[in-house]
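Peer 1: If you want the building blocks of each chain, they are given just below.
Number of protein chains: 4
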Amino acid sequence: MKRIAVLTSGGDAPGMNAAIRAVVRSAACQGIEVVGVRRGFTGTIEGDLRLLGPRDVANIIQRGGTILGTARSHRFRSPEGRAQAAENLRNFGVEGLVVIGGDGSFHGAHYLMEEQGIPVVGLPGTIDNDLYGTDYTIGYDTAVETALGAIDKLRDTAASHDRIFVVEVMGRKAGHIALDVAIAGGAEEVLIPEDNLPIERVIESIRQSIERGKTSSIVIVAEGVDGGAMRVRDLIEQGTGLEARATILGHIQRGGTPTSADRILASRLGDAAVSALASGTRGVMLGIVNNRIVETPLPETWERHKDVNRELYRCAKILAI
Amino acid sequence: MKRIAVLTSGGDAPGMNAAIRAVVRSAACQGIEVVGVRRGFTGTIEGDLRLLGPRDVANIIQRGGTILGTARSHRFRSPEGRAQAAENLRNFGVEGLVVIGGDGSFHGAHYLMEEQGIPVVGLPGTIDNDLYGTDYTIGYDTAVETALGAIDKLRDTAASHDRIFVVEVMGRKAGHIALDVAIAGGAEEVLIPEDNLPIERVIESIRQSIERGKTSSIVIVAEGVDGGAMRVRDLIEQGTGLEARATILGHIQRGGTPTSADRILASRLGDAAVSALASGTRGVMLGIVNNRIVETPLPETWERHKDVNRELYRCAKILAI
Amino acid sequence: MKRIAVLTSGGDAPGMNAAIRAVVRSAACQGIEVVGVRRGFTGTIEGDLRLLGPRDVANIIQRGGTILGTARSHRFRSPEGRAQAAENLRNFGVEGLVVIGGDGSFHGAHYLMEEQGIPVVGLPGTIDNDLYGTDYTIGYDTAVETALGAIDKLRDTAASHDRIFVVEVMGRKAGHIALDVAIAGGAEEVLIPEDNLPIERVIESIRQSIERGKTSSIVIVAEGVDGGAMRVRDLIEQGTGLEARATILGHIQRGGTPTSADRILASRLGDAAVSALASGTRGVMLGIVNNRIVETPLPETWERHKDVNRELYRCAKILAI
Amino acid sequence: MKRIAVLTSGGDAPGMNAAIRAVVRSAACQGIEVVGVRRGFTGTIEGDLRLLGPRDVANIIQRGGTILGTARSHRFRSPEGRAQAAENLRNFGVEGLVVIGGDGSFHGAHYLMEEQGIPVVGLPGTIDNDLYGTDYTIGYDTAVETALGAIDKLRDTAASHDRIFVVEVMGRKAGHIALDVAIAGGAEEVLIPEDNLPIERVIESIRQSIERGKTSSIVIVAEGVDGGAMRVRDLIEQGTGLEARATILGHIQRGGTPTSADRILASRLGDAAVSALASGTRGVMLGIVNNRIVETPLPETWERHKDVNRELYRCAKILAI
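If you read the protein sequences in the order shown, they are chains A, B, C and D.
Position 206, counted from 1, in the first sequence is what numbering that gives the first Met the number 0 calls 205; the numbers after and before it change by one each time, with no gaps.
Position 103, counted from 1, in the second sequence is what numbering that gives the first Met the number 0 calls 102; the numbers after and before it change by one each time, with no gaps.
Position 19, counted from 1, in the third sequence is what numbering that gives the first Met the number 0 calls 18; the numbers after and before it change by one each time, with no gaps.
Position 22, counted from 1, in the fourth sequence is what numbering that gives the first Met the number 0 calls 21; the numbers after and before it change by one each time, with no gaps.
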């Protein structure tokens, strides 16, 4: 194997640059050249490719976002688009492709391999942590840390004003971020899509906590919960008669300097992706399970469901008293 | 003067604790006792008062929010409420009152003095920086820093996705935070209430910057601008045909560890408030103008208008090219 | 079991407060009272004990240090001291003790149980991550993050000046912090006590990286390495003829707001400690291995050696090119 | 004026990139080209010059260090070196030069203008804030904030262990950083070169504060104080019989993302430098005094002394009780 390509696709996530750097440098150690593809699969179709050497990825490990850019590509969703992409990659001498992204990106990668025979390896790059086959995705730890920083700030005001804050965090259909943030932020309540906790129970619980002497409350709502923070806020106000504030943290959770955990995860996976491609592995996502790198066939990453940590969920309830 | 009281009122602002600490410790140096009032003027009416010694304010200089709490008081808006408040303060031996808050709080303080003869001194405690008589209010620098941190994170995503972000920052009717954040965050556009910039001009400017090669844009909108970030986002999408994202930073701007600038400002003003009361000064807000502490009669603080820095505004336009 | 005690001992570590909070609240859920012991084992000998209710631990999850304080106790090292400690605990109705600390603290806890029959459970609270029986210790993630933040800042200067920085991080006899920081910080070299890398190899490697075009280098040195950063700096200067700067990060690595990972780990372990004591478990440390809570007999925690992650170490070398 | 150059010289300071960006963009608005000089005066001698357009300075406002690099130049200290530098600049069509740095850099700039007739304007870029002619230098606010963050972390440990910490901060011969950090960090004592406070007074003061119930102390020492933190630590240990820890914060104070205040200051001054050169001003440093941009002849910036804020110094003493 003489030349591989790397691209980032889907929503950007902190640590993607660390993964790109690891792919480039690990490949250089093995005598393999690396081609960076601009703006995800769009760049494969448009032939927006350029060689990346070890110096090109200097001083990027600490940067949020992705130096390669990312974009949605409608054309890549068609077999014709993927054929064009494969042709461009082959013309550039690319013998394997590392795709850093989430399940949508892995779908694309899977079809590119199935239809066109391009060897692909996926790395889990998404803040949502919603991929089967890895305990953590690249960007997740940073997103939790960013959301937690916001909760800490809101608690200052909640405590000063005896107020209820309803805070919506990211995570798409999954409650991983919400659950971590709830425990780490000492939130009084947490609503996640994995659990169909009736809102009445939350309201009753807030009432009880006020009776126990809590004068402020923070309620974490995962974005996948029906109606989000706005609806929960309304229902709490109706149910308790107290004023509540809704805050949607939004896209700030995607950005920022990656944490050490995300940089290390990205570095390990980027390094492993090169070795995997070089040794003939393909069609899998590399993830981390129990601190070891494991391979999962791409389709399993979206077909199988990763549950939240139920013990954490139980713990969150106990510690909120 | 043997005993004074201190309270925080209105929205909480980072640095209020540093001001409380300074009042308590500076008073102790002069042999004056300090009474902390809980939850703003509500605490004066309810007699929620307690002595605060130098050790009671240890280890609070770095904390956001206010250890005294803050609340709105409807009863304090009536002369009867203020009479009750004054009686409670006098019964507790209070000979002067330091009010840390914004213009609403200063109204209350003013009437308390006019009607009841309680000597009051105000300290500007609000993130909005919208008080005449001081270059900076306590909490403003931290709020700008917090908003800027969020902008930096959004820029990661904006740059990675070639996207337009419309970000609403706090400031009530004033554009101070927006303007500072726009320059420091390298925003492409800024809309503030002090300027009636037609939205068409902004749209045209975004179009031009795209033509000049900018692939992403950040537009800062002060909350006092008609319709806020949501309306601006809609108009930009209609006017440019590009997708834009709106983010409302909200209450996170109120919280967090105060910056050094806010802690120092709060410390200086808290110290000066004690000296002012002790030397017979009353009915004024203490502020900082050209790095000197100045007194402004309370009514002037809300009657006179503090404009944004026009040179900064001009500068923001030039640097966004 | 009606009443248990909790103490923090040894060096403070971020997340200790989250662990205390979890012990108190989890116990309250099970109808068990919690006694807080001030200043570690010193407090057991001096009888410095007080009941802690769920409200007493509100708003501490985000605070560095330990609200209970910590201290060295010479008297506790003698059987007489431990007898006095046990008597005080029994007189206060304490039926079990949670000790949050490192190996020195676990020694004390072990003897207290062996000699006096006080049921003890240990929680790993140290930034060094040097305890057998847990993948991570409470405080470790925060310490790595703090050190990493410092490295990021130093890199700004290193890159601007084409300079070599030698940075000493904490970790006592262990290289865990150094290794994580080296990978996450993109350091060019790392020296840890677990490896007897001859300094000549490091110097040769720096020479080569300069030849490959690197104009600045960051060398991470664990404090357990012979001579620390100062000696390494001297040897590099002699060996390369280039100027190098040494920085010892020191105690800042112990403090600060704990990361989400540390708060969650501390919360889970604190909750588990109560359940363990209540169900008759004693004489063990609770740790986290492969994301599950596991029990390790106290003596094993210091008798057995926890190696650094060798794969990480290999990875660090590759990515530094 | 058709073309000017910009360089950064001396120690790097956060905000230098914001100043470079402002020079480039402000010049572009006025139809003036900008040449970036690499590695300070070294680049003028070696002819390491390249044109910088508005896009070349995109996304750098938030970065620490300086994209142009900085270095010491021995050759520039001789008239021959400066003649070579001037020739290179003229050959490249440069009609004016913006020098961002400290007093050493301004010396060089001054001689370049005096001997060679190159119009120069200086901008104060140093964390030390030790230049006459400006209230604040670029980088100072960030350095104070960084040092303060470290103090906050140390206080966690100091409070948990009842310990004395002696912390050395940067500032060369000046105590500006030390004083700000002392007040904002709630330090018990501060030693600055501007004051010849006998160390006995400090020791006596620590003794008294322990008697008043303070169990931990933080002592800030400016690097310009004789012997630095190490000597002060030794004297405190001898004088009080208590254990004390010394920490030298070092180069981390130079790096990191600049604060909003530093980015705004740098932006305003960079913009003003272009206008100044264009309008024929030369041989001056532009600074900010009472929030207005003022010009000071270069020699005055090093000949005249800027004192610390004496009122702050008094305030620090009062608030430490």
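One or more of the hints may lead you astray.
[Unchecked claim] In silico contact screen, one side only, chain D against chain C (beta carbon under 10 Å); selected entries:
no. : residue
1   : T145
2   : D151
3   : F164
4   : G212
5   : H250
6   : I251
7   : G254
8   : N290
9   : R291
10  : V293
11  : T295
12  : P296
13  : P298
Derived by calculation from the structure, the hints in this document are not laboratory data.
A quick note: this is a predicted structure, and the numbers were derived from the prediction, not measured.
Every residue gets a Cβ at the ideal spot worked out from N, C-alpha and C, and that includes glycine.
Peer 1: Checking each numbered hint in turn, tell me which of them this model violates, lowest number first.
Peer 2: Of the numbered hints, 4, 8, 9, 10, 11, 12, 13 do not hold.
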